[in-house]
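Full structure from sequences and hints, please.
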Amino acid sequence: MNNSVILCQQADLIPNSGICVQVQGEQIALFYLPQENPQVYAIGNWDPIGKANVLSRGIVGDLNTRLVVASPLYKQHFDLVNGECLEDADFCVPIYAVAIVADQVLLTQ
Amino acid sequence: MINVVVIGNGMVGHHYVEQLAAAEVEAHITVIGGEPRPAYDRVHLSEFFSGRTAKDLALTTREHYAEIGVDAYFGDPVISIDRDEKKVRTESGREFTYEKLVLATGSYPFVPPVKGNDHKPCVVYRTIDDLGNIQAQAKEAKVGVVVGGGLLGLEAANAVQNLGLETHVVEFAPGLMGVQLDAGGSAMLRRKIEAIGVYVHTSKATEVIEESENGAGRLLMKFADGGSLPTDMIVFSAGIRPFDQLARDCGLKVGERGGIDIDYHCRTSDSDIFAIGECALFGGRIYGLVAPGYRMAEAAVSQLGDDPIAFHGADMSTKLKLLGVDVGSIGDAHGKAEGSVAYTFSDERIEVYKRLIVSADGKKLLGAVLVGDCSDYDTLLQYFLNDIDLPANPESLVLPYSVGEAPSLGAAALPASATICSCHNVSKGDIVASLDAGSCSLADVKSETKAASGCGGCAALLKSIVDHEMAARGLEVNTSICEHFAYTRQELFHLIKVGCIKSFDVLLEKHGSGRGCDICKPAAGSILASLWNDYVLKEKHVGLQDTNDTFLANMQKNGTYSVVPRIAGGEVTPDKLIVLGQVAKKYNLYTKITGGQRIDLFGARVQHLPAIWRELVDAGFETGHAYGKALRTVKSCVGSTWCRYGVQDSMAMAIYVENRYKGLRSPHKFKSAVSGCTRECAEAQSKDFGIIATENGWNLFVGGNGGMKPRHADLFATDLDDETLIKYIDRFLMFYVRTADRLQRTSVWMDNLEGGLDYLRAVVIEDSLGIARELEEQMNSIAGSYQCEWKTTIEDPERLKRFTEFVNTDAEDDHVVFVQERQQPRPATEDERLQLLAIEV
Ligand SMILES: Cc1cc2nc3c(=O)[nH]c(=O)nc-3n(C[C@H](O)[C@H](O)[C@H](O)COP(=O)(O)OP(=O)(O)OC[C@H]3O[C@@H](n4cnc5c(N)ncnc54)[C@H](O)[C@@H]3O)c2cc1C
Chain A
1 MNNSVILCQQ
11 ADLIPNSGIC
21 VQVQGEQIAL
31 FYLPQENPQV
41 YAIGNWDPIG
51 KANVLSRGIV
61 GDLNTRLVVA
71 SPLYKQHFDL
81 VNGECLEDAD
91 FCVPIYAVAI
101 VADQVLLTQ
Chain B
1 MINVVVIGNG
11 MVGHHYVEQL
21 AAAEVEAHIT
31 VIGGEPRPAY
41 DRVHLSEFFS
51 GRTAKDLALT
61 TREHYAEIGV
71 DAYFGDPVIS
81 IDRDEKKVRT
91 ESGREFTYEK
101 LVLATGSYPF
111 VPPVKGNDHK
121 PCVVYRTIDD
131 LGNIQAQAKE
141 AKVGVVVGGG
151 LLGLEAANAV
161 QNLGLETHVV
171 EFAPGLMGVQ
181 LDAGGSAMLR
191 RKIEAIGVYV
201 HTSKATEVIE
211 ESENGAGRLL
221 MKFADGGSLP
231 TDMIVFSAGI
241 RPFDQLARDC
251 GLKVGERGGI
261 DIDYHCRTSD
271 SDIFAIGECA
281 LFGGRIYGLV
291 APGYRMAEAA
301 VSQLGDDPIA
311 FHGADMSTKL
321 KLLGVDVGSI
331 GDAHGKAEGS
341 VAYTFSDERI
351 EVYKRLIVSA
361 DGKKLLGAVL
371 VGDCSDYDTL
381 LQYFLNDIDL
391 PANPESLVLP
401 YSVGEAPSLG
411 AAALPASATI
421 CSCHNVSKGD
431 IVASLDAGSC
441 SLADVKSETK
451 AASGCGGCAA
461 LLKSIVDHEM
471 AARGLEVNTS
481 ICEHFAYTRQ
491 ELFHLIKVGC
501 IKSFDVLLEK
511 HGSGRGCDIC
521 KPAAGSILAS
531 LWNDYVLKEK
541 HVGLQDTNDT
551 FLANMQKNGT
561 YSVVPRIAGG
571 EVTPDKLIVL
581 GQVAKKYNLY
591 TKITGGQRID
601 LFGARVQHLP
611 AIWRELVDAG
621 FETGHAYGKA
631 LRTVKSCVGS
641 TWCRYGVQDS
651 MAMAIYVENR
661 YKGLRSPHKF
671 KSAVSGCTRE
681 CAEAQSKDFG
691 IIATENGWNL
701 FVGGNGGMKP
711 RHADLFATDL
721 DDETLIKYID
731 RFLMFYVRTA
741 DRLQRTSVWM
751 DNLEGGLDYL
761 RAVVIEDSLG
771 IARELEEQMN
781 SIAGSYQCEW
791 KTTIEDPERL
801 KRFTEFVNTD
811 AEDDHVVFVQ
821 ERQQPRPATE
831 DERLQLLAIE
841 V
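Top to bottom, those sequences are chains A and B. Its first residue numbered 1, the first sequence is counted upward by one per residue in the UniProt record's numbering. Its first residue numbered 1, the second sequence is counted upward by one per residue in the UniProt record's numbering.
Hints are computed from structural coordinates only; laboratory data are not their basis. All the given hints hold, so there is nothing to weed out.
Cβ-to-Cβ under 7 Å is the rule here; a few derived chain A residues that face chain B: (1) C8; (2) D12; (3) N16; (4) I19; (5) C20; (6) V21; (7) A52; (8) V54; (9) R57; (10) I59; (11) G61; (12) A70; (13) P72.
Straight-line distance between alpha carbons at most 25 Å, and here's what the computed BS3-like set of lysine-lysine pairs gives: (14) B:K557 <-> A:K51; (15) B:K669 <-> A:K75; (16) B:K557 <-> B:K669; (17) B:K540 <-> B:K502; (18) A:K75 <-> B:K709; (19) B:K709 <-> B:K557; (20) B:K497 <-> B:K540; (21) B:K321 <-> B:K450; (22) B:K540 <-> A:K75; (23) B:K363 <-> B:K336; (24) B:K253 <-> B:K86; (25) B:K576 <-> B:K791; (26) A:K75 <-> B:K557; (27) B:K115 <-> B:K222; (28) B:K139 <-> B:K120.
To give an idea of the chain A side of the interface with chain B (calculated C-beta under 7 Å), a few residues: (29) S17; (30) Q22; (31) N53.
The beta-carbon is built from N, C-alpha and C at its ideal position, and this holds for glycine as well.
Right, dumping it as structure tokens:
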């Protein structure tokens, strides 16, 4: 993992909820679900429908066994694993590969 | 474009205007009303004395008529019709020409030609102006007599009793309500209304009314049988006479005993002139009820279009509550049909009387009389109207259950043509159509078809039809809150309470499946908060909250938040006002005064919220809960402290109420208001619960709301003292919190309760479920454990960690950009933002 980037400390994560980091001008929403495997998920913070940087502040859960976050603006759901919008397949958010290594959250590319 | 002139703007004239305005026909409508105000609900006139105002009774407004392009003139009666010139002329000399003329002049109270009937304390009861007269006369009176023991007489007696007078009813005939009831029913009615303190005098012909000399009352009524009765005022309510003078004067055909003759197209003897409502005579009779008048209006409107419908007379069955007594009359109540047979049930102990009139062969219902218990009315009416075959033992339809289970007339047995709601003429077919078109709850059907929103008499029947139809479509309405819980919000509430569950994880493990979602999590969070009132940002609750609850602020479209401190009752000191201004300036916030009498500050970045609130809390502000499903505001007027008209201290009450219920988590947001007098400046009747001061205390209204589907609140209880008022509100709110569905406002919740407002009264006032104490205690404990969430938050460094845009840098979200407008910031549009960025680069 030589070209990975440290995003934040594991302690910064909030269980069953989201936070946001900014890396090179890009906003990444990080969700920490301690009971899942893997435990961290990362998608873009930009809500392409609501047009604001808010996804890290949505409620997480599952719909039809897909892990999702609901946009706090207009409540569309985005898949935490592949970034798809469940309500409108025309919309998709970027996903990022992340991992917890030695109490740190890393972007693994 | 047809030029239509309508004379009279009563209930029926107004219905005609509405129908015509909505019809395909191109028409220019002119309305000329004799009364000084637009049409109002005469049927509910007596509610004026139990708290309703002229505004509440209004069916329309001048503005509404203007909006739909109707020219309307009020307080200027028509005095002549020139049929040759096709012109009408009003008292003030206005002239209007017409192509089609509609007479909807209604009727006036019949005052028996008794000597002395013109003394000043002799009044009539038909219009809002009459109400003023009655009130004025009642001021100096202790005793009031109503002349007339029919429907209108007993309505008037209700009004007189509500004014606090010793009430007498004097009737010429041997029984009360002789038109609708047989002798047995009439006797039971008499027994019941005497029991509530109304004196009834039947077979009394008044000969003369004299001013009394001995001071026992202002007037003395002398009867033909030698008796007499002293009284302070007399209300004549002994029947109606059609307003047909205009028609007589211009030579239209009128009936021998009055009424403008019409055919089944509602045309008079002049084919360009229609007559509808209580001034019209059809088949030799005047229809003194509003529903037949509406049918005439609809028939008359249809004559102007391509698809004329006919008026064939109307059913005069009625169900009423008179002086608190349920009275029902269907069809041939007197059993006049040849060979008819009757079944009678009478129980003097519980004061219930029921009578069925059945055809000679026992197969069809011809009529019925119900006094004291109208629960069978809907079923009987359906048998009657739809000619449905009676069961082999028709008596089982009215006998008490102990004798034999009454075969209930299932919703399935009714034909599509069956009229369910006669006030709004809604058939079973209309209800089915509404469900077909996508309605999926009782409340949907109600607002879609208007069924059960008139007198409300058909509510139970409507519910059973809706239930039946939904089940029949396999549309077993899925009431599960979401895919994770097969329960309604109410059921979840019970599970959490009974199981003493304190966290979402436990709830999910015990009663749900999967991981939860943005529907069930906040719902559970709200229930946990209303039951245990735990601080909402405790770690175990954090993931349950909407962003608004998480950051204790409302997210706006660009991802920033609004800040809304509580300003209880809208009262704020100059010092606090200055602080608000300073904070807004310092953090560059947009400032606006809201409809709820407080001040919203917009455009705060999440990382600034704690600092903003620290300054506000230091100045003595608390959170306003604008972000939560909770009490918003209690709006108020200044009340008796400042206002010349105020009768109670509405300001103090509003502040008390707001402080008592602040922070209570509920299925949806809720609002309240307190007005210091009946002028109602605080608009309490548009709130979930509204309080209006009276001379004697407070009137409580419930179930109102503004928003997309505005609804006036219903009068719930009158003249309460402070303590009882708060007790009732405690119970009302807690019952709502316990039993309402997620995101259900109080109005919809109430409409969906079986039994509606009456049921709610029984629970809250009479404690019919025996839970009143528990509800009060729960409310006390929540009020006692209140904490300002912002105060708790800013004192806890752990919590404050959340209030940041990025955990790894202090940078700010560069997508949030403001521009200035009217000297305040507002979010930049996408174009503006790109332009600004371009300049900066
Ligand atoms: C206290 C009370 C209780 C009632 N309860 C019930 C009930 O429970 N159920 C029920 O079905 N019905 C009830 N009714 C009867 C119901 O109100 C009437 O059937 C209904 O109002 C008739 O409507 P309308 O438009 O024909 O007449 P109205 O409502 O009387 O309207 C006629 C209007 O025309 C105006 N007018 C008359 N002459 C002229 C003129 N020359 N120029 C201009 N304007 C003129 C009058 O001023 C009046 O405003 C009740 C009535 C009263 C008074």
